[in-house]
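Participant: Below, each chain spelled out in residue letters.
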Amino acid sequence: MRQHVIELVYLVAAIGFVLSLKWMSSPPTARRGLLAGEIGFGLAIAATLATPGITGTGYAYIAAALFIGAAIGVPLGLLVPMTAMPQRIALSHAFGALAAALVGTTEYYLTQPAIGKFTMGVLGAEILLGFLVFTGSLMAAGKLQELLPQRPITYPAQNAINFAIFGAACAIIIALIFTPGSAALIPVLIVLALAFGVLLIVPIGGADMPTVIALLNSYAGLSGAALGFVLDNKLLIVAGALDGTSGLILSIIMCRAMNRSFRNVLFGAFGQLQEPDEGVEAGNVRSASTDEAAELLKLARNVVIVPGYGMAVAQAQHKVRELADALAREGVDVKFAIHPVAGRMPGHMNVLLAEANVPYDQLLDMDEINPDFPQTDVVLVLGANDVVNPAARHNRGSPIYGMPILEVDKAQCVMVVKRSMRAGFAGIENELFYDPKTLMVFGDAKAVVSELGAEVSGVKDSIGI
Amino acid sequence: MRQHVIELVYLVAAIGFVLSLKWMSSPPTARRGLLAGEIGFGLAIAATLATPGITGTGYAYIAAALFIGAAIGVPLGLLVPMTAMPQRIALSHAFGALAAALVGTTEYYLTQPAIGKFTMGVLGAEILLGFLVFTGSLMAAGKLQELLPQRPITYPAQNAINFAIFGAACAIIIALIFTPGSAALIPVLIVLALAFGVLLIVPIGGADMPTVIALLNSYAGLSGAALGFVLDNKLLIVAGALDGTSGLILSIIMCRAMNRSFRNVLFGAFGQLQEPDEGVEAGNVRSASTDEAAELLKLARNVVIVPGYGMAVAQAQHKVRELADALAREGVDVKFAIHPVAGRMPGHMNVLLAEANVPYDQLLDMDEINPDFPQTDVVLVLGANDVVNPAARHNRGSPIYGMPILEVDKAQCVMVVKRSMRAGFAGIENELFYDPKTLMVFGDAKAVVSELGAEVSGVKDSIGI
Amino acid sequence: MSTETIITSLFIFALAGLLGLEVIRRVPKLLHTPLMALTNALSAIALVGSIVILGRQESTYATILGFIAVVCSTINVVGGFLITDKMLRMFRRRPDPGAVNGRRDGRP
Amino acid sequence: MSTETIITSLFIFALAGLLGLEVIRRVPKLLHTPLMALTNALSAIALVGSIVILGRQESTYATILGFIAVVCSTINVVGGFLITDKMLRMFRRRPDPGAVNGRRDGRP
Ligand SMILES: NC(=O)c1ccc[n+]([C@@H]2O[C@H](COP(=O)([O-])OP(=O)(O)OC[C@H]3O[C@@H](n4cnc5c(N)ncnc54)[C@H](OP(=O)(O)O)[C@@H]3O)[C@@H](O)[C@H]2O)c1
Ligand SMILES: NC(=O)c1ccc[n+]([C@@H]2O[C@H](COP(=O)([O-])OP(=O)(O)OC[C@H]3O[C@@H](n4cnc5c(N)ncnc54)[C@H](OP(=O)(O)O)[C@@H]3O)[C@@H](O)[C@H]2O)c1
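Residue numbers (our numbering), protein chains in the order written: chain A, 1 to 465; chain B, 1 to 465; chain C, 1 to 108; chain D, 1 to 108.
A couple of the hints might just be wrong.
As the list claims (entries may be wrong) - Some chain D residues near chain C, calculated using beta-carbon distances under 8 Å:
1) I6
2) T8
3) L10
4) F11
5) I12
6) A16
7) L18
8) E22
9) V23
As the list claims (entries may be wrong) - What follows is a list of derived Cβ distance ranges for each label pair:
10) R25(C) to P75(B): 48 to 56 Å
11) D372(A) to A46(B): 54 to 62 Å
12) A447(B) to S26(A): 44 to 52 Å
13) R26(D) to A183(B): 46 to 54 Å
14) A171(B) to T179(A): 55 to 63 Å
15) P52(A) to P52(B): 53 to 61 Å
16) P149(A) to A46(B): 54 to 62 Å
17) T179(A) to V5(B): 24 to 32 Å
18) A63(A) to E4(C): 52 to 60 Å
19) I161(B) to R25(C): 33 to 41 Å
The hints are simulated quantities; they were obtained by calculation from the structure and are not laboratory data. From the three backbone atoms N, C-alpha and C, an ideal C-beta is built for every residue, glycine too.
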């Protein structure tokens, strides 16, 4: 009876989860969505605590574990800066996958050898996926945090080795299906899964990490659903399916925005260290001081600001907002152009600019803004590089060839703010910087932008008052 | 084992059903949606025929029943004219509900008295809903086909009687829950349900019939899902839930388009016979011949055609298309304005005009076209009445007060084609007809429109050649 | 029906209902009539229940009611799919170039 | 796990997956980062499995693994919801009148 009430609560929680994601469809309803998710989660936990069979010590342990988890989770939630969000998300995939994998493993030891064939198959897949996502996500987080080399690491027979490991893991699962009692196979499976997770990520370049994270998210969802099958817990199945489709859709969107195929991301070793690209003639570079740049900005009728990863690194979003406001007071029409893969995470620039109180309806998507560039007086490229690289349009040899870009080179004048002539995440040269209509303004994005802001509004004050 | 394969096929069928509805989201994918539905249905039937326990005679009977059903269904599908679609749909709800109700009843007799409490409750609800929808839909079809009086029929203590019947039915279900063996109660329940279905529809006016049909659709879906609970058939549950939500959403959309509440539709006896509305002064009516009307149409720069139920009755859609083409050849800009509840069914006008090959992107929704009326030279109202009645805007006493309308009275000139000064479905006068800028062109819509078409293109020929 | 089955059924009902809400809300007004015809056909899936009842021949009573039920459902499914098909065939996006010049009158 | 349960689970998985596809496709690019944080938190629902394992104390082994699992999941759920909340708070539609005139610099 009590079990049935618990399951009914799980049903309510599942509906809450669905509504939660549904309400993420627009900013005004998103907070309601968060609430629905929280309520669903809370109900599910409360119901679970009423499960028959939990002992007194059990409750003590649970309380301790919940406390420790919360003590780590709260600072992780509140203190992690927005720029580190991709690593943060990768890290939490690692935690989540580890938890699911451990539950699966424990479940195996508690119920073996009386495990049905199908259950054993699902359980094996769950353990494989769980531990794979665990190390894979750790690797991804390491690369993003630049603790590990971002460049893809390739070695001979890489694919062969990977396939061999994967094959061995599958063979173990098949063996377990027929002799579920061979408990000794489980540690082997776990080691193989851990190794596979590492090896899978090693040859993938940092630029593809966000896609990989979304894919790992999808796998984590699958493993959660598999756990639901094993524990006959429908809430886990629903949550896993939702999580899995979310990861899948996000990775598809990212691949599409970069014009790459899945296979490519997983096996292409995108961004391999390249010889300096011959396609770009290292012509003259025109650079400008912030004074000159500010003057140009003030004279423009309209300015489009293109933020990129550099803005995130420099934490320049607040200064950007101030500059935009100052320009608006000068009567300049200011817009923001957001490339779908600018930054390191889908929606990265949106979150940062939202943090700086830029209203979200002033941020324009690539498709909306591209037709406007020919009529734009000045484009201010702020720490963006790959997403404005014209090589994507015409240089068939470039690794980013075919990726849709922000066509800033069609504007009257382009100002690029970055610290050096170094390449962006894809590791390739950008001919835009050598274009005669491009002005480079070297320096840290935050410093440059705050100077620009001061100059624009300062000059105004001396005239206006 | 075989049972499990059947269930897996049902899963595939359920996915087919979902995709089927999903692909109805745009005309280009809609035919694929239909195919998905058909494949799913076919698979489900094929799997069901493999159910263990079906006898040889059983197969013979099944073949015979399928044959008879198809022999009736094919002509019903191919021959029913588009204008009779609402009745057709009501009628098939009746068939569907009857089938579900009969299956539920049989299931009761076959398994009683060994029926669990919850199952009995669901079964009782299923039988009640099924038979209720059966007679209710028959009544609705009768009203729409004008076999029954369309005016709402009210009598003293109507609501009290309805509640009493409903209460009695609920009491019987409760009794059955506690003594599932009292088989004699079932016929009583059935009779009450049948009576309730009739009495529920009697006081509802013809104008509300389409909403009622959508609601009955929703009930039918619920009863199908309930049957799925009883038979533990997940495919039935999925199909029932989809059907139920579809009916619900359509009835909500209709209610919203008519600015009415559900309660209102079910208990309001909308459209009660009214005294001739004092709000309308029976002023002068200007009428025109088709010659004059054709002349005016040709002189216009732009014409908006507003089709209504009269166009459907007169089957004038092909002639309308010809007229529109003729006007387009004269250089007149022709658009169609479709009110959400024009006709007798959601999307009614769209289907008719599609039948006449009017491309669907030339049909404008109310919200799109309303701002254009002040700049429109001539509006041609073709057998529409309630949907262009300005009383909805300002006459608080009118039963259609608050319903959003096509604001044709804001155009420069309005031509109304109908047979007489009679009222439309809501049974109320229309002051638009007395407006000085309105010209009435009396006659059957098809006849008038073909004359107009002839005159417009005839005159053109005599000038052009 | 065990309590477990009931809860399972409720899960499926809730998920399918939410899915229905999502999916059907996206159907444009344009296609509401075909949608009604299509759901009509799909809801005739109660046919699978009546086929089993009719086929198992457990009592005369069941046979008679099952027969009627199979006939009714078949009418719906056949008619419903045919009508949907007929309607969907009619929807065209752009006029074919000839039609604008009146060379085709659009009659079926 | 009986075959019946498996089929039920497959139904639920399929329906939830379809629902996920429908629902998540509608999330605008703008909200993709909060979406990732939110699904992160929700997927930590594996917590319900680990709570039971930890609570039942069926073996030392189970207790240890269960403890780690509960801690990991709790980190995710708490962190995930907090981050989502933090991000969603930041989204504003229109600049408040004062902000345009630079009276507020938008810093948190
Ligand atoms: N967003 C996603 O979801 C996603 C997913 C997958 C892949 N990616 C990849 O990530 C890349 C995103 O492109 P992007 O144009 O935004 O960035 P980017 O190509 O990585 O370029 C960033 C630029 O910012 C500059 N920079 C770094 N720190 C700076 C600072 N403190 N001040 C000023 N400038 C600074 C760097 O130049 P200096 O070192 O000279 O300063 C660098 O060239 C693409 O390659 C994309 O494919 C993104
Ligand atoms: N579409 C839906 O989903 C839906 C749902 C619920 C309710 N309704 C109700 O249905 C009504 C629809 O409004 P409507 O403006 O389309 O139609 P209407 O108000 O019913 O008016 C139709 C008009 O067409 C004229 N007519 C009939 N046969 C004709 C013929 N052969 N030739 C020329 N004219 C003819 C009639 O006038 P004469 O007799 O003088 O010719 C009548 O006034 C509304 O009241 C609406 O609320 C529709």
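Participant: Now, for every hint given, state plainly whether the structure supports it.
Facilitator: Hint check:
1. I6: 12 Å, violated
2. T8: Holds, because the Cβ-Cβ distance from T8(D) to chain C comes to roughly 5 Å (cut-off 8 Å).
3. L10: At 11 Å from the nearest chain C Cβ, L10(D) fails the 8 Å test, so the hint is violated.
4. F11: 6 Å, holds
5. I12: 6 Å, holds
6. A16: 6 Å, holds
7. L18: 6 Å, holds
8. E22: 4 Å, holds
9. V23: Hint holds; V23(D) Cβ to chain C Cβ min 6 Å, cut 8 Å.
10. R25(C) to P75(B): 48 to 56 Å: 34 Å, violated
11. D372(A) to A46(B): 54 to 62 Å: Holds - the Cβ-Cβ distance for D372(A) and A46(B), about 56 Å, lies within 54 to 62 Å.
12. A447(B) to S26(A): 44 to 52 Å: Holds: the Cβ-Cβ distance is about 50 Å, inside 44 to 52 Å.
13. R26(D) to A183(B): 46 to 54 Å: 50 Å, holds
14. A171(B) to T179(A): 55 to 63 Å: 59 Å, holds
15. P52(A) to P52(B): 53 to 61 Å: 37 Å, violated
16. P149(A) to A46(B): 54 to 62 Å: 57 Å, holds
17. T179(A) to V5(B): 24 to 32 Å: About 27 Å separates the Cβ atoms of T179(A) and V5(B), which means 24 to 32 Å holds.
18. A63(A) to E4(C): 52 to 60 Å: Between A63(A) and E4(C), where Cβ atoms are some 30 Å apart, the hint is violated.
19. I161(B) to R25(C): 33 to 41 Å: 37 Å, holds
Violation of the numbered hints given earlier is confined to hints 1, 3, 10, 15, 18; the remaining hints are satisfied by the structure.
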